[in-house]
Amino acid sequence: DQQVKQNSPSLSVQEGRISILNCDYTNSMFDYFLWYKKYPAEGPTFLISISSIKDKNEDGRFTVFLNKSAKHLSLHIVPSQPGDSAVYFCAALPGTGANNLFFGTGTRLTVIP
Amino acid sequence: NAGVTQTPKFRVLKTGQSMTLLCAQDMNHEYMYWYRQDPGMGLRLIHYSVGEGTTAKGEVPDGYNVSRLKKQNFLLGLESAAPSQTSVYFCASSRLEYEQYFGPGTRLTVT
Numbered sequence: 001d002q003q004v005k006q007n008s009p010s011l012s013v014q015e016g017r018i019s020i021l022n023c024d025y026t027n028s029m030f031d032y033f034l035w036y037k038k039y040p041a042e043g044p045t046f047l048i049s050i051s052s053i054k055d056k057n058e059d060g061r062f063t064v065f066l067n068k069s070a071k072h073l074s075l076h077i078v079p080s081q082p083g084d085s086a087v088y089f090c091a092a093l094p095g096t097g098a099n100n101l102f103f104g105t106g107t108r109l110t111v112i113p
Numbered sequence: 001n002a003g004v005t006q007t008p009k010f011r012v013l014k015t016g017q018s019m020t021l022l023c024a025q026d027m028n029h030e031y032m033y034w035y036r037q038d039p040g041m042g043l044r045l046i047h048y049s050v051g052e053g054t055t056a057k058g059e060v061p062d063g064y065n066v067s068r069l070k071k072q073n074f075l076l077g078l079e080s081a082a083p084s085q086t087s088v089y090f091c092a093s094s095r096l097e098y099e100q101y102f103g104p105g106t107r108l109t110v111t
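Top line first, the protein sequences correspond to chains A and B.
For the first sequence, my numbering gives the first residue as 1, with consecutive numbering after it.
For the second sequence, my numbering gives the first residue as 1, with consecutive numbering after it.
One thing to keep in mind: the hints can contain errors.
To spell it out: a stretch of chain B is covered by chain A in this simulated footprint if at least three of its residues, at any positions, have a beta carbon under 8 Å from a beta carbon of chain A; those stretches are [unchecked claim]:
1) 12 to 22
2) 54 to 60
3) 77 to 86
Listed next, the in silico DSSO-like pairs over lysine-lysine satisfying Cα-Cα at most 30 Å (straight line) [unchecked claim]:
4) A:Lys68 with B:Lys57
5) B:Lys9 with A:Lys37
6) B:Lys70 with B:Lys9
7) B:Lys57 with A:Lys71
8) A:Lys71 with A:Lys54
9) A:Lys54 with A:Lys68
10) B:Lys57 with A:Lys37
11) A:Lys5 with B:Lys70
12) B:Lys57 with A:Lys5
Calculated directly from the structure, the hints in this document are not laboratory data.
Heads up, the beta-carbon is just placed ideally off N, CA and C, and yes, glycines get one too.
Work the whole structure out from these sequences, hints included.
Have a look at this one:
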């Protein structure tokens, strides 16, 4: 049973506009969330994270929002650039000391020049 | 600083054959992990290690064994490969349980 869900397999956005990638989770024990970016034939690379005690974390063009009551998080990229085209994975960690990252199925973002 | 490296990058096995995937990291990380990624699915944890000499089962451990004899290396073994083990395998390491750093992956095909 998929505990972290990314319901949009793909997203296309024009260069310069905002990209919004969504992620839902079912396990209320998750308390740390991460976004990874993956290019073809490469491993995922860490992008940004957020603890459950926060509702927003920003790093340059990337902002992650967490809505705990809705068990939903989103990644905003603004402005989007062609180099942002990749597969984005949402991941979650359950509680302190846990080691098992639960990944979503990924969303393929295409930024159109 | 090479980060996380994986050997080999590609491999084709026949059903029943065995092989070992090697993961090495040069960041002095305590934690190491093996994941598999299948089409339409996220990465799933096979086994992990919280330090030299320790291993633990993840979400999908059946058919795999691991060893962590040295802090910088984490080996994944398939004793008798099955077509269901056709996948892309990723190794990762981390200083704590957060923010894992991934290797480039090994594409394994079992015929």
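Evaluated hints:
Coverage of the stretch 12 to 22 of chain B by chain A is violated in this model, with 0 residues showing a Cβ closer than 8 Å to a Cβ of that chain against a need of three. For the stretch 54 to 60 of chain B, the stated coverage by chain A holds: 3 residues have a C-beta nearer than 8 Å to a C-beta of that chain, and at least 3 were required. Restraint check on the stretch 77 to 86 of chain B versus chain A: 0 residues with Cβ-Cβ distances below 8 Å, three needed, restraint violated. For the proposed pair Lys68 of chain A and Lys57 of chain B, the alpha carbon gap of about 29 Å is at most 30 Å, so the pair holds.
Proposed proximity of Lys9 of chain B and Lys37 of chain A is supported: the alpha carbons are some 20 Å apart, at most 30 Å. A distance of roughly 21 Å separates the Cα atoms of Lys70 of chain B and Lys9 of chain B; the hinted pair therefore holds under the 30 Å criterion. With a CA separation close to 27 Å, the supplied pair Lys57 of chain B and Lys71 of chain A stays within the 30 Å bound. A C-alpha spacing of about 13 Å is found between Lys71 of chain A and Lys54 of chain A, which places the hinted pair at or below 30 Å, so the restraint holds.
The suggested pairing of Lys54 of chain A with Lys68 of chain A holds, with an alpha-carbon distance near 9 Å, which does not exceed 30 Å. Between the alpha carbons of Lys57 of chain B and Lys37 of chain A the distance comes to roughly 26 Å, so the proposed pair stays at or under 30 Å and holds. With a C-alpha separation of about 36 Å, the suggested pair Lys5 of chain A and Lys70 of chain B falls outside the 30 Å cut-off, and the hint is violated. For the suggested pair Lys57 of chain B and Lys5 of chain A, the alpha carbons sit about 23 Å apart, so the restraint of at most 30 Å is met.
This entry does not satisfy hints 1, 3, 11, going by the numbered hints stated previously.
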